[in-house]
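Quick one: dock chain against chain with the hints and give me the complex.
So the sequence lines, in the order shown, correspond to chains L and P. By UniProt numbering, the letter at position 53 of the first sequence is numbered 53, and the numbering carries on one by one without gaps. By UniProt numbering, the letter at position 355 of the second sequence is numbered 355, and the numbering carries on one by one without gaps.
In case anyone wonders, no lab produced these hints; they're calculated from the structure. Accuracy of the hints is not assured; some may be wrong.
[What the hints assert, rightly or not] Here are a few chain P residues that sit away from chain L, every Cβ distance over 10 Å (derived from the structure): (1) 80; (2) 216; (3) 361.
[Claimed, not checked] Here are the in silico distance ranges between beta carbons for each label pair: (4) 142(L) with 325(P): 17 to 23 Å; (5) 122(P) with 56(L): 42 to 48 Å; (6) 142(L) with 211(P): 21 to 27 Å; (7) 160(L) with 278(P): 56 to 62 Å; (8) 153(L) with 358(P): 34 to 40 Å; (9) 129(P) with 17(L): 41 to 47 Å; (10) 241(P) with 153(L): 17 to 23 Å; (11) 211(P) with 7(L): 31 to 37 Å.
[As the list claims (entries may be wrong)] Straight line, CA to CA, 25 Å or less: simulated DMTMM-like cross-link-like pairs of lysine to aspartate or glutamate: (12) 145(L) with 210(P); (13) 156(L) with 101(L); (14) 111(L) with 126(L); (15) 111(L) with 141(L); (16) 111(L) with 13(P); (17) 156(L) with 3(P); (18) 111(L) with 3(P); (19) 145(L) with 328(P); (20) 156(L) with 5(P); (21) 111(L) with 339(P); (22) 111(L) with 344(P); (23) 111(L) with 304(P); (24) 145(L) with 345(P); (25) 145(L) with 324(P); (26) 145(L) with 3(P); (27) 145(L) with 339(P); (28) 156(L) with 127(L); (29) 156(L) with 141(L).
Quick caveat, the model's predicted, so the values are computed rather than measured. Note that CB positions come from ideal geometry on N, CA and C, so glycine has one too.
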Amino acid sequence: MARDDAEYVEFVEAVQDRLRRTAYLMTSDWALAADLTQEALIKVYVAWPKLERKGGLASYARRAVVSAAIDHHRKRARRPEVLVDHHDEPGLGDGSGDRADRALIVQALRKVPDRQRACIVLRYFEDLSVTETASVLKCSEGNVKSQTSHGIAALKRELTALGMPALTLPMGA
Amino acid sequence: MNDLDQLLRDAADSGDGDRLDPRELLSSGRRRVRNRRAAVAGGVAAAVVAAAAVVTWLPTGDDRPDPSDVVDGPGDHSSTYEEVRIPVEEVERRCSIVLNGINGTGDLSYVTGRAPDGTAVSGTEADHFVETREGWTAYLRPVGERWPAGEPRYRSDAGGPRQSVASGSAGGDGGGDGDGEMLVGEMACVIPQADLVAAIPGALYTPLPEDAGADQVVELCSAQTGYDLRGWEVLLVRSFEFETVALTMSENGYVATCTVWDEGWLSDLRIDPEPYLDEDGDPLPADPDDLAVATSFGSGTFTEARVLPGLPDGYVVSFSAGGEVIAETTTHRGAYAIEFPVPEEGPVIGRVTDPEGTVLWEDVVDH
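Only chain P is shown next, with the shape it has when bound in the complex (with noise of 0.2 Å):
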């Protein structure tokens, strides 16, 4: 006979004996730690540089630049979305100073071509998509280094009918560089503009205090995250068990998704492609297959963070099983936040009802 805790025990004495250096780990998080002040005092440097060169760059009407291929000046953020796109080598620069920053990898060059033989050169050698859209994500690995097995991810976001996008380690590739740090594996980066991306290493590990209000939480990711939300509407703010997600929207009705973790060490950022609101700014009709709330999660806890489009104040999403709701939340402009235990078993129906109960969609959930 068995006892659980002796089985736990026995399994996790399976290993390999393998140690890692204390001294390593210390300078690892020496350089990190270093990382950080000099990513802080190069923020307040890049701010007093764009404060000054504010003042003597001021695009306007046809001074500005084709956005295809514009290098955005400091100073041009605003509540409304503009598409920016910039040049490839500008996104590998960027995101090579956050994620070095991210994994105090010092000056690796990350680059996000992938050569026909699986290694990563620049993507102005590469022939495929390569996301180059500020605040949208582009995945990249260390230059020279392998690219993980299987179907690349610029391919299947491209195609996405949404853009999930978040700066931080994809994955690993489970080694070490013989130098104490992680080896990063795909790396997404969520394209920083251009002003704010050298204080985003310094923004990083920052703790949200548990009573921050929605300007805190937005301030947060924005910085983290390297693009500037301040001044979108916020339509929602909620604090789950791990995480705080703020859903803001732009002037034109684009739905920024942030997701503030817990431990303050990251954000994650998506852009929704589509507007929500027409040219008056009022919202566009709701199409009943745009209203599907979870089409299908895994086990363990669910969360989502969504505009359901077409729907003003007090519409109620909910979740049920066995009979009884297990989950329920009211929209605000169509925003909702919910998050509950998926259970064990058995069917769980979503359903969007308005403020007078009609059903408007209703679905079993895959899980």
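Just chain L, same shape as in the assembly (with noise of 0.2 Å):
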């Protein structure tokens, strides 16, 4: 194997589980954000020479995930008719607080946004800084405080309305 091969392989096996559940709070559906994910390295396998040169790996492989999950909803708005199935998700009543709560946080989160939901899995789930976080998304740092301040506040509604009140979010960006 070519060291540049060997390399990838090496980055594959430490970013393919961070970004595929970055890409599964972004889609709720763990089937799309594996598809998402090997789309998203692929990709990267593609850029590498230049990637490489310019730096920038991780980065570029979490913005092709989100990219494509913002591009995949937007898409599916588009076009109603196209059916994608699902996987079910987590019961709600079935006897274990936790789980209830993950997939309480994850309903909530598909109501919020695209965009606003990026900002939330970004900044609170990769613990990315509002810079960091403008540089994936492409856009002002204002843009993402703004849209992180709205996406909190509609997931916030949204689990208040699913009858979790007591989750202790952040007040803004």
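Here is the structure:
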């Protein structure tokens, strides 16, 4: 295996779990998250020589996943007649508090607009700074702050509606 | 009490633990790079063949075959839109080249027909509508696989007032085929012109420079969709957060809207079915109903680019909420493009006014 290929395999091993989780929080569908992660990592391979020179491998992969998730959602919204099978979410009444919480947060997150959801996931799951999030989403820092703030408010509304009011949410970005 | 970051981590830990095989990704990546190189080489070869062929094949007048079943020849693109229909088998051949290039699926045969049992067959065996117009969209599946459940797309598109077309995946199966590639669902394909088809895969994944001019946008869109818009008048080019949109008009008044996504990996193309100019080249009169700006949109960010018929420069398209204008733009030969974040609550009013401020159309937009 060539040196670059070995490095690519190592990179995939290191980042794929994180990317797939990010994609899942964006899509609430594990199978789709796997597809988006796979596609993003193939794009990374194609762009590998350039990325090695310029840096930003992880950032590029993250952006590819988030963009693909938003794009997928946008296309589905424009083409409502296309049916994509979604796996069942964990049930809410399965007797497990933690599992129910997980299901609720995913369910609520799904209702948050795409860009706002992306900001929440990148800021509070990926632990990215406002600057880093703006870089991934190719927008201004002010836009990240605004979208995050709106997103958190929307998430809180959804969670409250779902009966989970005790969540501690940040006040803004 | 729960913290958001902890809840997100817990939710994201609830997966099935499946992992992607890096070596399969490696194979897929290598294959895609090979395909791109081959496509670039093929495109160059096709261009050479086209240049040679145009010298000896010059269709004129009555020599031209009936457009209903013609396979168009090279060099006959122009700034005038002409509806060109090609045989179904040719649609499937061209789109298979495009979709294999996009998906890295190698040599799958994509077909347009749906058998009674739901499997994908050649459109020649189907009794339903199959799109065959160059520049319009066809929907395909790998032969022998099952179409997604639900109403077939070709039916819903056939009756629509405007045709939205794109090359790329319109849905996924959510599985893998064992060879490391993503299984494809229903696939949308802009039916390419004959002499541009080979170069399409090589044109994909080409980022648009930040300072790209109108010509570059149209050139990339033409290359990625395989439909030559380079002779069309560019009415408007506008960049938004994720995409750059170009509105172009043919000499005989047809409008094509091209969208190049930021990452440069894909373009969308939409050709409006009716011309906006009469035979003398003057704008057709506007019907008030045709002025309706976005009639509905969902949450998040809203983007629209189109032409309002019959309106010259300087007409204003605006959206307002809570008594304040949230987005506004002016027309150029009726063309406009606008994007804005959709308000969380409350009605949004769409409005079209003339340069003197007279309201020509106004209504609540559903969202």
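Fill in: Which numbered hints fail
Hint check: nothing fails, all pass.
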